[in-house]
Amino acid sequence: MKLMRAVRVLASLGLAGAFAMGSVGAAAQTAAPAGAPKIGSSLIGKLQGPEIIRDAKAFPKTFKEAPTLAALVKDGKLPAVDKRLPEPSQLFVVKPLDQIGKYGGNWRRAFTGPADHENGNRIVSADKILTFDYTGTRIMPSLARDWKVSDDGKTTTIYLRKGAKWSDGKPLTADDFIFWYEDIYLNKNIVPTPFFEFQIDGKPGTMRKIDDYTVAFEFAEPYAFFVYQLAGSTAIGAGLATRGAFQNWGGAYAPAHYLKQFLPKYSSEEAANKKAKDLGFDNWVSLLRNRYSWALNPELPVMTPWKTVSPINTPTWAMERNPYFWGVDTAGNQLPYIDRITMSLAENAEVANLRAIAGEYDIQERHMHLSKLPVFLENQKKGNYTVKLDPGLNGADVALHVGMAYDADPEIGKLLRNKDFRHALALGIDRDQLNEAFWLGVGTAGSVAPAPDSVYSPGAEWNKKWGVLDLRQSNELLDKVGLTKKDPEGYRLRPDGKGRVRLEMVTVGGQFVPYTQVGEMIKQQWKKIGIDVDIKELERNLAFTRDNNNENQIITWANDGSEVLFLFPRHALPVDAAEAHMGIAFARWYASKGQSGKKPDDPEMLRAFDLFRSAFGMKEEDRVKAGKELWKIIVEQTWSIGTVGQSPAFMGVRIVKNNMGNVPDRQTNAQHVRTPYSSQPITFYFK
Amino acid sequence: MVAYIVRRLLLAVLTVWAISVLSFAIIHLPPGDYVTSYIASMSASGSAVSEGEAIAMREQLGLDQPITIQYAKWMGLMLQGNFGMAMEWGRPVSDVIGDRMSLTVVISVAAIIFTWAVALPIGIYSAVYRYSILDYAFTFIGFIGLAIPGFMLALIVMYIGFAYFGANVGGLFSPDYAEAPWSWARVWDLTLHLPIPAIVLGISGTAQLIRIMRSNLLDELRKPYVMTARARGLPEYRVILKYPVRVALNPFVSTIGYLLPYVVSGSIIVSLVLSLPTVGPLLLKALIAQDMFLAGTIVLLLGVLTVVGTFISDLLLMWVDPRIRLGQQ
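These protein sequences, in sequence, are chains U and P. Numbered continuously in the working numbering, the first sequence closes out at residue 691. Numbered continuously in the working numbering, the second sequence closes out at residue 330.
Next comes chain U alone, as it looks inside the complex (with noise of 0.2 Å):
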C-alpha cells in the first residue's frame, strides 16, 4: 500500500509538471502588464439565466418535437406529441436566454468514471420535487407544479402535473409517491436510519397521499424550512436521478411500476434472491440498489430530459432525449433540443483538460482547472471556446477548519479552543498574496462568510473581520495568549516548556484548489508573527479518517454550500457527523441530541447550536434573520479560518464553444441549485 501511495504522489507529480511547464510558459506570454486588469476580471460576465415561466395563461397552446421524434410518430413508433406532454395548463414552460432553439446535436463533455455521476445528475436535476431559479434565490416548481406550506409549518404539499408521464410513457401519480415512501424508505432492510432532511427535531415525517396528483408531507413539529429541502440538493428533494445514482435511496417518489418487480413484498423473499443471483448480485437489496440508478440501468424509467442509453460504467456514458419530457420552451417546442449527451471517459483529469484545450467538449466546466486558465485562454481561438467564469458564493475555497475537539496534545488543544489564539492566526494570513498566486487574483480574500448578496450574509463587513492581514494586532493577541517566550529564531515557545508551538496542519493533495501549496505559503507567512506548522500532505481518505477520531489540529478544506447555510451545513458548523471538520465530536454530541458524543466547552459553540436547531421550523423571515446571526457567531468565533474564496475553482471554469447557443455569461455556481441544471441545459443549442 505504501509502494502504491508513493506511486501515485510520483504519478500527480509528473502529471501535475509538466502541466505547470506549460502554464508558466503560457502565463509568461499572456500576463498583462502591471497595474492592468486582472486575468480573470473580464471573463466573468453577467449573471444570466432563462427563465421558468409560472403563468399558465402565458402557455403555448400548439406543440413541435424534435425531428427525430416526429419521424418515429410517423411510423406509430410513439405517441403524438401532445399526448406524450402533460395537459397544457400543467406544463412546465421555459423562456431560453436568448432565444428558441434548434433541435439536434450531440453534446460532447468528459467524466471519470463510475464515481463521478454527479457529471450528469446535475444536467438532469429537472426531475427535482422543486428546485430554484438561476439566481439561486427564489425557489420554482420544477416536477412538482405548485407548493404549499400550512400556516402552522406542520405540512407541506405538493401538486403535480397531471398527464405527466414517465420515460416508458406510464403516468406519474402520488402512488409512485407512497410506492417510495412505504416500500423503499420504511422498509429497514433497505432504509436503516431515517432521513435528516426527512424529520424534525428527531421525530419522523410522514407522507401522504391527497389525491392523485397531490401530496402532502406532514410532521409533528412546525417544519417550515421543509420546502427548501425539497427545493435543495438533499437526500429527499435532489431527485430520483441523482440519489439512484448515489445509490441512496433518496429522491420521495420512484417508478413502482418498474420496481416492484425487484421487491419481496411484490412476490416472496427466495424468489427475489434468487432473481439476484442469477444476474451475480449478493441479494435483492444490492440488485435493487443497482436497477435504481439512472446512471447505470438504462431501463429504469425516469422523469429526466436525457436518459441513459450507454450506463456510467462503460468507457461511453451516453444519454438520448427522454420523448416523453414534460417541459417546453415559450413556443411550444418540447425539450430539450440537444438530442444526445455523449460523455467520454477520461483516466484522469489532466487528459479531460488538455482535450478541452484541442476543443474536443462541447461546454464542459467540470474537471476544468483554475490553474490551467492561461493555457485555456491562449488556445481559444485554435479550440473554437470561449473560457467563462462561474465565481462561487462560499467564503472559502481554503478554510482553515480549526479541529476544536482536538486533545491529543492537552496543550495544542487549549490554544486552539482559545479565540484570541484563532484571531492571530487569521489576521496572520496574507490572502492577496494567496490570491496571486494561486487563484491568479480571480478570487476574493476575507473570512469564511459567504458572498455578500447571498442570502444569509450579514453584510460586507463580516467579510472582512478577522479576515485580513494585521500583523501587529495578530502579535499582541497572541502575546496576551501567554505565548509571549520566544527561541532564538522568533517562533513562540510552549506554555509548558515542550519547546516550540508547533501546529500541525492537514492538507489533501489532487483536488480542485492545490490545497498543500497554499499551506506552505502560509506557514511562511505565520513564521510573521512566531508560529511554527508542519503542512502534512495525507491522502484524502486518511485525512477524512483522522477528522472522524478527532484527530486533526487544523486541516485545510473548502466550505462550499455553506452559503446555504440550513441546506448545507457541515461547512460551517460541527453538526453532521457525516462530516465535521470542526469537530466530530460536538457534531454527534449535536446529531445525537446529547445521547453520544462530547459536548462542547464554547457556549458560543452552544449557543449557534441552539439556533441551528430552532430556525428549521421558523417562518422565512425569522429564519433568514437567524442565519444572520449564525453567520455573525461563525466568523467572530472563527472556528474556521477563511482565506480565498467567491472564486470560480470549484467547477467554476466553464469551456463553452462558439457553437452553444442559450449558455448564458455567468452562471449560479452553487451546489443548492445544482449548477449548470439552473442554467436549463435542456434550453442549451447548437446553432
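If you're looking for bench data, these hints aren't it; they were derived computationally from the structure. Using N, Cα and C, we set each Cβ at its ideal position, and we do this for glycine too. Keep in mind that a hint or two might mislead.
As the list claims (entries may be wrong) - From the derived model, a few chain P residues whose C-beta atoms are all more than 12 Å from chain U:
hint, residue
1, Val-188
2, Glu-221
3, Ser-255
4, Phe-312
As the list claims (entries may be wrong) - Listed below are the simulated EDC-like cross-link pairs for lysine to aspartate or glutamate, each with C-alpha atoms no more than 20 Å apart in a straight line:
hint, chain 1, residue 1, chain 2, residue 2
5, P, Lys-74, U, Asp-216
6, U, Lys-281, P, Asp-96
7, U, Lys-484, U, Asp-424
8, U, Lys-603, U, Asp-580
9, U, Lys-192, P, Asp-96
10, U, Lys-192, P, Glu-52
11, U, Lys-489, U, Asp-536
12, U, Lys-152, U, Asp-626
13, U, Lys-106, U, Asp-172
14, U, Lys-174, U, Glu-324
15, U, Lys-207, P, Glu-52
16, U, Lys-602, U, Glu-415
17, U, Lys-423, U, Asp-605
18, U, Lys-597, P, Glu-52
19, U, Lys-602, P, Glu-52
20, U, Lys-279, P, Asp-96
21, U, Lys-264, U, Asp-172
22, U, Lys-87, U, Glu-186
23, U, Lys-661, P, Asp-177
24, U, Lys-174, U, Asp-205
25, U, Lys-281, P, Glu-60
26, U, Lys-502, U, Asp-483
27, U, Lys-68, U, Glu-91
28, U, Lys-158, U, Asp-580
29, U, Lys-192, P, Glu-60
30, U, Lys-532, U, Asp-483
31, U, Lys-418, U, Glu-508
32, U, Lys-269, U, Glu-186
33, P, Lys-74, U, Asp-282
34, U, Lys-278, P, Asp-96
Given chain U, put chain P in place with the hints provided.
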C-alpha cells in the same frame, strides 16, 4: 519429472491462497473503508452523503462486520465462482474486469511485440558488431529509454501529438468510434491509435532487453564452440543464430512469468496518463476508493497469473534448454 511438476503445482495452490489472504489484508490496511472514501470523494466534488445514508451503505455492503467474516464471505463467494460486487461500479466484479480485459490484452501484446521485434535484432547486432558506430548509437538510445520514466514519455508524446499533429489526446479510439459497434473501420481506428501506447509502454522494456541480449550473446560468442563452428566453415548467420542466440534467449523465456500479469494489468501509470481503458487504472481507482472486492480480485488475479506464468516459464526453460532438462534426470 512428473513428481517435480506435481510438487510445483501443490506449491502454486498454497501460494495462491497466501496471496488471497495478503491481498485482502492489504486492502484493509489504510484507515477507513469504502464509505469514508465515498463521502470524501463526494465532498471533494461539491456533493454530500448524509450520516443516515452512510449507515445504510455500510450495512448493505457488510462493511460493519469484522474483517475475518468479510474475508470468509469473499472466499465463500469465490469458491462459487462469484467475485462479489464492485461497489463503485454497481456491477459484478467479473463483468467490470471482463470489459477491460480484451483491450488490455491487445495493448500489452502490441507492446510486447514491439519490444521483441525491436530488442532482439538490435541486441544481436550490437553484440556481433560490438563497439561499432551503430552499437554506440543504440546503446545511447537504449540508456535514454531506460532513464526516462514511462509516464513522462507518455506526457511528452501526448503533448507533441496534440500541439503539432492535432492528434486525439489519450484513449484508444477517436471520438467518432468510441462507442460505435465493432466494424473494420473501428478496428482500423484502433490500429491507428495503438502505436503510441504500445511504444510508450514497450520502450523501457526494449532498452532493457537490448542490454540483456547484448551481454548474454557477447558471453556466448567468446566460447570455443563458436570458434569451432566457424572453423568448420559454417555460414556466419548460422553460426550466430543457431547456437549462441538460442542460449542467449534463456532470460527471455524466464521473464514470461512476469509477462503474464503484465499483459493483464498493463502499466498502471502510463495507462492512466494516456487515458487507456485498461485494467491498470481500474486497479488504481479501486484502491483509492477502497472497493475491496474489485481491488482484491485484481490483486489476486495478478498474483495467480504470476504464479502460473512462473510455472509455464519453468516448463518452457526445460524444453528450450537441454541442460536443465537433462540435469533433472
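Outcome of the hint check:
1. Val-188: 16 Å, holds
2. Glu-221: For Glu-221/P, whose nearest Cβ neighbour in chain U is about 37 Å away, the distance exceeds 12 Å, so it holds.
3. Ser-255: 24 Å, holds
4. Phe-312: Phe-312/P is indeed farther than 12 Å from all Cβ atoms of chain U, at 25 Å.
5. Lys-74/P / Asp-216/U: Violated, because 45 Å separates the two Cα atoms, which is more than 20 Å.
6. Lys-281/U / Asp-96/P: It holds: about 14 Å lies between the C-alpha atoms, which stays within 20 Å.
7. Lys-484/U / Asp-424/U: Holds, at about 8 Å.
8. Lys-603/U / Asp-580/U: Given that 20 Å is the threshold and the Cα spacing comes to 14 Å, the pair holds.
9. Lys-192/U / Asp-96/P: 29 Å, violated
10. Lys-192/U / Glu-52/P: Holds: Lys-192/U and Glu-52/P sit about 16 Å apart, inside 20 Å.
11. Lys-489/U / Asp-536/U: 14 Å, holds
12. Lys-152/U / Asp-626/U: 19 Å, holds
13. Lys-106/U / Asp-172/U: The given pair, whose Cα atoms are some 25 Å apart, is violated under the 20 Å limit.
14. Lys-174/U / Glu-324/U: Roughly 18 Å separates the two Cα atoms, so the pair holds.
15. Lys-207/U / Glu-52/P: 16 Å, holds
16. Lys-602/U / Glu-415/U: 19 Å, holds
17. Lys-423/U / Asp-605/U: 12 Å, holds
18. Lys-597/U / Glu-52/P: 15 Å, holds
19. Lys-602/U / Glu-52/P: Within the cut-off at roughly 17 Å; holds.
20. Lys-279/U / Asp-96/P: 17 Å, holds
21. Lys-264/U / Asp-172/U: 15 Å, holds
22. Lys-87/U / Glu-186/U: Violated, at roughly 31 Å.
23. Lys-661/U / Asp-177/P: 18 Å, holds
24. Lys-174/U / Asp-205/U: Violated: Lys-174/U and Asp-205/U sit about 38 Å apart, past 20 Å.
25. Lys-281/U / Glu-60/P: Holds, at roughly 19 Å.
26. Lys-502/U / Asp-483/U: With Cα atoms ~18 Å apart, Lys-502/U and Asp-483/U stay inside 20 Å; holds.
27. Lys-68/U / Glu-91/U: 15 Å, holds
28. Lys-158/U / Asp-580/U: Between Lys-158/U and Asp-580/U the Cα gap is close to 23 Å, so the pair fails against 20 Å, i.e. violated.
29. Lys-192/U / Glu-60/P: 11 Å, holds
30. Lys-532/U / Asp-483/U: 14 Å, holds
31. Lys-418/U / Glu-508/U: Distance ~14 Å between Lys-418/U and Glu-508/U Cα, so the pair holds.
32. Lys-269/U / Glu-186/U: 11 Å, holds
33. Lys-74/P / Asp-282/U: 18 Å, holds
34. Lys-278/U / Asp-96/P: 19 Å, holds
The structure does not agree with the numbered hints 5, 9, 13, 22, 24, 28 stated previously, though it agrees with the rest.
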